[in-house]
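Next come the chains, spelled out residue by residue.
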Amino acid sequence: AQSVTQLDSQVPVFEEAPVELRCNYSSSVSVYLFWYVQYPNQGLQLLLKYLSGSTLVESINGFEAEFNKSQTSFHLRKPSVHISDTAEYFCAVRNNQGGKLIFGQGTELSVKP
Amino acid sequence: DAGVIQSPRHEVTEMGQEVTLRCKPISGHNSLFWYRQTMMRGLELLIYFNNNVPIDDSGMPEDRFSAKMPNASFSTLKIQPSEPRDSAVYFCASSLYDLGSPLHFGNGTRLTVT
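Chains W and C, in that order, give the protein sequences.
Position 78, counted from 1, in the first sequence is what the numbering used here calls 78; the numbers after and before it change by one each time, with no gaps.
Position 14, counted from 1, in the second sequence is what the numbering used here calls 14; the numbers after and before it change by one each time, with no gaps.
By construction, these hints were calculated from the structure, which means they are not laboratory data.
Small disclaimer: the values here were computed from a predicted structure and weren't measured.
Beta carbons are placed, not taken as given, at the ideal position from N, Cα and C, and that holds for glycine.
There may be inaccurate statements among the hints.
Stated by the list, open to error - Using 27 Å as the maximum straight-line C-alpha spacing, the simulated DSSO-like pairs for lysine-lysine come out as follows:
no. : chain 1 : residue 1 : chain 2 : residue 2
1   : C       : Lys24     : W       : Lys100
2   : W       : Lys49     : C       : Lys78
3   : C       : Lys78     : W       : Lys100
Unchecked claim - Okay, the calculated bits of chain C under chain W, using three or more residues with CB under 8 Å as the criterion:
no. : region
4   : 40 to 49
5   : 66 to 78
Said to hold, decoys possible - Derived list of chain W stretches under chain C, where covered just means 3 residues or more per stretch with a C-beta under 8 Å from a C-beta of chain C:
no. : region
6   : 37 to 46
7   : 102 to 112
Using the sequences and the hints, build the whole thing.
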């Protein structure tokens, strides 16, 4: 069985500051890793994903995440955040043997002016 | 594409009543998932289907919950009888049957059981 741990439940930052949202996973087999974002009163939307290949993956709005197999981590980063990035962010893992997508508890990112 | 469509958006009901939540997945997607979101437990996978067949329902809380997918374009999640602790936001999501394919979520149904 796999599991996901998001180490921070809330991350407050000022606009234009860098941010890192931490995610660690546990699995006995190879995994696929995802970050989703949830804005208020909406469903989750895919931000980026790691399937294979380059360990650094990027989204279209400036976020990036790096797969680190030795540390079993998939932290999400952005060098300069905007007010509009305020949302809840979920890390998720899916192993290569089944269709279950398991989510972490979420990290609430709050960007202040 | 209209995305995943869930109905109703909000449901308020009294304890003991039957509740039916509905989901229309994205056309062409052959995997469908039901999740429940609460502050205490976060996002829990209740059940998922591949090609209309339930694959894993180990997350369904108890026998009061049941889910069906009679065809590729429709699924229901039923709670009978409902209890106050069932109050949550219920999300339906669909994807291609490919482990690397992302899930596309509906906007959820906010259920309140009084």
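Here's how the hints hold up against the structure:
1. C/Lys24 <-> W/Lys100: holds, 20 Å
2. W/Lys49 <-> C/Lys78: violated, 32 Å
3. C/Lys78 <-> W/Lys100: Judged against 27 Å, a Cα distance of about 21 Å means the pair holds.
4. 40 to 49: holds (count 4)
5. 66 to 78: Violated - the region 66 to 78 of chain C has 0 residues with a Cβ nearer than 8 Å to chain W, which falls short of three.
6. 37 to 46: With 6 residues close enough to chain C, the hint holds.
7. 102 to 112: Satisfied; 5 residues make the cut.
The structure shown violates the earlier hints numbered 2, 5.
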